[in-house]
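Colleague: Make a model of the complete structure from these sequences and hints.
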Amino acid sequence: EAQVTQNPRYLITVTGKKLTVTCSQNMNHEYMSWYRQDPGLGLRQIYYSMNVEVTDKGDVPEGYKVSRKEKRNFPLILESPSPNQTSLYFCASSLQVYGEAFFGQGTRLTVV
Amino acid sequence: AQKITQTQPGMFVQEKEAVTLDCTYDTSDQSYGLFWYKQPSSGEMIFLIYQGSYDEQNATEGRYSLNFQKARKSANLVISASQLGDSAMYFCAMRVLNTGNQFYFGTGTSLTVIP
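Just so you know, the protein sequences line up as chains C and R, in that order.
One point on numbering: in my numbering, the residue at position 31 of the first sequence is 31, and numbering is uninterrupted.
One point on numbering: in my numbering, the residue at position 91 of the second sequence is 91, and numbering is uninterrupted.
If you're looking for bench data, these hints aren't it; they were derived computationally from the structure.
Be careful, since some hints might not be right.
[Said to hold, decoys possible] Stretch-level coverage of chain C by chain R, calculated; a stretch enters the list once three of its residues show a Cβ under 8 Å from a Cβ in chain R: (1) 48-58; (2) 65-77.
[Unchecked claim] Under the rule of at most 25 Å between Cα atoms (straight-line distance), these lysine to any residue pairs were calculated in the SDA-like manner: (3) C:65 <-> C:10; (4) C:57 <-> C:85; (5) C:71 <-> C:38; (6) C:65 <-> R:54; (7) R:3 <-> C:84; (8) R:3 <-> R:54; (9) R:3 <-> C:30; (10) C:57 <-> R:2; (11) R:3 <-> C:62; (12) C:71 <-> R:97; (13) C:57 <-> R:57.
For glycine and all other residues, C-beta sits at the position ideal for the given N, C-alpha and C.
Modeller: Take a look at the structure:
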């Protein structure tokens, strides 16, 4: 089954404790991206990647890191999480140029 | 700058009626795609419909149609014969070729279908 898999689905952590949210897709998509969803703000792009070893900042990259060492994986790293990073996070993948984004199930992160 | 605007934070519709969710977009690029996604209360993002900037016909997918008015830069979603299961958040999105094929999302419209 074609899918984007995010883990974990739910995470509660403390301020400053490094965490990684994993994202993996099995559709051989070149394009992958991370979004955060906050009430009233819609989905805002954090980082995106057009292919292996190619990443670029989206609209809200501060406080986040990503890497794309393999085509299928695109982890999101919060080196020192803060409460304002409490949000619902989505990973998505798509073909390079055309087509819709396929989303993971989302990760609800709470930073206390 | 690329931007998607959804001006209706919340909408109500009677079951079996049609409803239009508004979306306007802003881009100076000629090559772009427009998308609608549905997010039920369970949280997942479900792709509904796509319209390319060069498509002359409005896209349709079952009960969903996209009313594409290029000159007005609008891409409204029309849901016919609303069902209770249509109650959800709906997001309009745009993908622009010359900005690294990024996706841009609106703030969403919450639709409630009343029995």
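Colleague: Next pair to validate is residue 3 of chain R with residue 62 of chain C; report whether the Cα-Cα distance is within 25 Å.
Modeller: 21 Å, holds
Colleague: With a cut-off of 25 Å on the C-alpha distance, tell me whether residue 57 of chain C and residue 2 of chain R pass.
Modeller: 15 Å, holds
Colleague: Please work out if residue 65 of chain C and residue 54 of chain R have their alpha carbons no farther apart than 25 Å.
Modeller: 36 Å, violated
Colleague: Just to be careful, I want the Cα atoms of residue 71 of chain C and residue 97 of chain R compared with a cutoff of 25 Å; is the pair within it?
Modeller: Since the Cα atoms of residue 71 of chain C and residue 97 of chain R sit roughly 21 Å apart, the hinted pair holds (cutoff 25 Å).
Colleague: Taken at face value, is the distance from the CA of residue 84 of chain C to the CA of residue 3 of chain R at most 25 Å?
Modeller: 24 Å, holds
Colleague: For the pair we were handed, residue 57 of chain C and residue 85 of chain C, check the Cα-Cα distance against 25 Å.
Modeller: This hinted pair holds, its Cα atoms lying about 16 Å apart.
Colleague: Can you take a look at whether the stretch 48-58 of chain C is actually covered by chain R? Rule is 3+ residues, C-beta closer than 8 Å.
Modeller: holds (count 4)
Colleague: Given the hint that residue 3 of chain R pairs with residue 30 of chain C, does the C-alpha gap stay at or below 25 Å?
Modeller: Given that 25 Å is the threshold and the Cα spacing comes to 24 Å, the pair holds.
Colleague: Straight-line Cα separation of residue 71 of chain C and residue 38 of chain C no greater than 25 Å?
Modeller: 28 Å, violated
Colleague: Given as covered by chain R, does the stretch 65-77 of chain C meet the bar of three residues or more with CB within less than 8 Å?
Modeller: violated (count 0)
Colleague: Given the hinted pair residue 57 of chain C and residue 57 of chain R, is their alpha-carbon gap at most 25 Å?
Modeller: At roughly 34 Å apart (the allowed maximum being 25 Å), residue 57 of chain R and residue 57 of chain C break the hint.
Colleague: Assess, step by step, whether the Cα of residue 3 of chain R is no farther than 25 Å from the Cα of residue 54 of chain R, and give holds or violated.
Modeller: The given pair, whose Cα atoms are some 19 Å apart, holds under the 25 Å limit.
The structure fails hints 2, 5, 6 and 13 (numbered hints given earlier, in ascending order).
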